[in-house]
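Trainee: What follows is each chain in one-letter form.
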Amino acid sequence: MNIKANLKYVLTGSIAFLAIYMFVAAKPMGSDIYFEPAWTTNLENTQDPGETAPKTPPEAFKQAGVEAFMLGERYGFFTADGKILSSYATPNRVSATPVAWATYPEDARDTIVRTPDGSPRMTVSGSGFVHLDGDRTFLFLPGGDAVSQYGEGGRLLWTREHIAPITAFNSSPAGTVMGYADGYLACVAPDGTERFGFYPGGSDREVIFGAALSEDGKLTACVSGIDRQRFILVRASGGQHKIIYHTYLKGNLRRKAFVDFEKGGNFAFFESDGRLGIFDCKKNEASGIPVYGEVVAAGECPGAALFMVLVKNGSRYTLSAIERPDHLVASVNFNANDAFLIQREGAIYLGTDGSISRIDIRGLK
Amino acid sequence: MKIAKSGNLARGGARRAARAAAIVAVALCCSTVSAFEWPFGAFKPTSLFGQRADGVIGRGITLEGQEVVRASGHGTTLVTIAKNGNMTGFPSTLGNFAVLSHEDGLLSAYGNLEALDRVDGRTQIDSGTILGIAGSSAWGKPKDVFFQVIDTKRKTVLNPLLVLPGFKDTRGPVISNVLAISGNNQPFALGSVKFVKQGKYRVYADVTDSIDGVAGEFAPFRISVLVNGKEYASIPFEMLQEDSGKLYLSSKDSREYTWAALYGDPTRMFLADVPLTRGRADISIIACDIAGNERSVLFGVQVE
Chain A
1 MNIKANLKYV LTGSIAFLAI YMFVAAKPMG SDIYFEPAWT TNLENTQDPG
51 ETAPKTPPEA FKQAGVEAFM LGERYGFFTA DGKILSSYAT PNRVSATPVA
101 WATYPEDARD TIVRTPDGSP RMTVSGSGFV HLDGDRTFLF LPGGDAVSQY
151 GEGGRLLWTR EHIAPITAFN SSPAGTVMGY ADGYLACVAP DGTERFGFYP
201 GGSDREVIFG AALSEDGKLT ACVSGIDRQR FILVRASGGQ HKIIYHTYLK
251 GNLRRKAFVD FEKGGNFAFF ESDGRLGIFD CKKNEASGIP VYGEVVAAGE
301 CPGAALFMVL VKNGSRYTLS AIERPDHLVA SVNFNANDAF LIQREGAIYL
351 GTDGSISRID IRGLK
Chain B
366 MKIAKSGNLA RGGARRAARA AAIVAVALCC STVSAFEWPF GAFKPTSLFG
416 QRADGVIGRG ITLEGQEVVR ASGHGTTLVT IAKNGNMTGF PSTLGNFAVL
466 SHEDGLLSAY GNLEALDRVD GRTQIDSGTI LGIAGSSAWG KPKDVFFQVI
516 DTKRKTVLNP LLVLPGFKDT RGPVISNVLA ISGNNQPFAL GSVKFVKQGK
566 YRVYADVTDS IDGVAGEFAP FRISVLVNGK EYASIPFEML QEDSGKLYLS
616 SKDSREYTWA ALYGDPTRMF LADVPLTRGR ADISIIACDI AGNERSVLFG
666 VQVE
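Those protein sequence lines, which keep their order, are chains A and B. Under my numbering, the residues of the first sequence are numbered 1 to 365, in order. Under my numbering, the residues of the second sequence are numbered 366 to 669, in order.
Here chain A stands alone, though its shape is the one from the complex:
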């Protein structure tokens, strides 16, 4: 065989193969998605210390798309087009959502919850830390194992105590789920009625690391146990609850695990040792991506085809874009002391230390 004579064919064939391989074998993005920076705004302290009423007219807070932010010792509200409506600085603790905020000291008692424009919304009577989630108001009581929910006007709706500290907590309009250090998982309706409570078990040591409740309250996701750590999905309906899926996880996470549902309830996200699991609730399938650090936020309100993940490892953050269900399409690292991520379908808001940016996701179908 004349190798020299055939070399040109071998080379031509190899190049053709590579070209075809590059276009055929690589997993393509499902759509022509790209990211477009919309605006970046620096946070200036527009309020004087101690002020509770913003200088912005109250009407401005009523427009659609107002978001809350908390970055370091700064908190306030901004609009979708990048206007900072209020920006306060405080050494105290803060809880803020688009509809309310509260700030309180370490020995907080009778905390006042305010609307974004600074008007008093309610007083949460009692000692403890106020936690706002959407339009829901909770008070974590001293001792670490008790929580109360308050309704309009500061009316106490319910209080639950347990024998071990709370290690996981999540709420949705359909109720609240709590996990404890002894491995107990409890879910209550908005009026405090227990929907279910049980020990998932299945591991050598029982403990709940993370739990979440879907928007409609039908599904509860949970990461539990040490030595055969596992993820379980519980369906509750008609006064009954049933584990409809479980899988054992590699490694043993021994800290708070990120667990959450996207707003649509189609996917659940769960963190394990070095991995973010993604559970397709319709197909009953789990997949995942590797993560290097602690998951801060993931796909709560994603676009139709793409969700964002923010991971923290010390002062290094990684922002990743995941095409459903588990295709990593973009990733960027940055350093910050504090950061947050909000995704509202085709727009993401990324806060890093002294600034907030909006990045639009284009090409979503």
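Treat each hint with caution, since some may be false.
Stated by the list, open to error - Label pairs and their computed distance ranges (CB to CB):
id: 1; chain 1: B; residue 1: 508; chain 2: A; residue 2: 44; range: 44 to 54 Å
id: 2; chain 1: A; residue 1: 194; chain 2: B; residue 2: 644; range: 45 to 55 Å
id: 3; chain 1: B; residue 1: 441; chain 2: A; residue 2: 243; range: 22 to 32 Å
No wet-lab data here; the hints were simulated from the structure. Every residue gets a Cβ at the ideal spot worked out from N, C-alpha and C, and that includes glycine.
Chain B: place on chain A using the hints.
Mentor: Showing chain B alone in chain A's frame:
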């Protein structure tokens, strides 16, 4: 009113002996299960187990002015929960806290740590290992640390003093402001009334303990209420159990002393419901602390 210190009460000697034996039995039982070491260098409690603690019954002990926090026993790191960051997680009132898992299903929890870096990444923890220094991450005062013991087998929160080494204490509890409230909500200050009408009464009192060399008032270890020698309540501050999402101190008569039941009155502790029938009634309240110091008060009233 007749006040009797330890050993001076005419009736109930046998009961006291039985009670003391019970305390010793519980302590021995727990100490054989797991003997813990003090996780703190200085014993300066601000609150003990079962105490009125800002809207809840105290789940453990809180100590002030601490620096180093150590593991109270051999175990493994079960979970560490960091103070919630901005816009993530939930605000645990224990702040940065660690929970260790020990033999026999016991857990120990350490709250208000400055940081968790001494625990994170470590699986096995030896007794006395430094877990961190006291911080200001939890609800309460800076440098106060919180210690709790949970028995996962019995599903109870244990009084940590049952599994920790004893301490010197010669001061007994103080019983004051004793009140009996009738069925129609009329209060009688026991000690200042001599005649009451027969019926059912709710007995309240301010019962606090003090400790040698430590400022402050603390919860006792057990309180009993007797009428004419018959025991109507015995409240042991030994463990908290849960029923329907409420923690309670369980009494011998299966009464559940929840926060609302025990501390619903802002100034006194609810102790017992007692029936007073025609004739003379000797109402005695006996309180003791974990060291065995006992104090009792006796009120004689004529029931009409």
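Trainee: For every hint, state whether the structure bears it out.
Mentor: How the hints compare with the structure:
no.: 1; hint: 508/B - 44/A: 44 to 54 Å; result: violated, 35 Å
no.: 2; hint: 194/A - 644/B: 45 to 55 Å; result: holds, 47 Å
no.: 3; hint: 441/B - 243/A: 22 to 32 Å; result: holds, 26 Å
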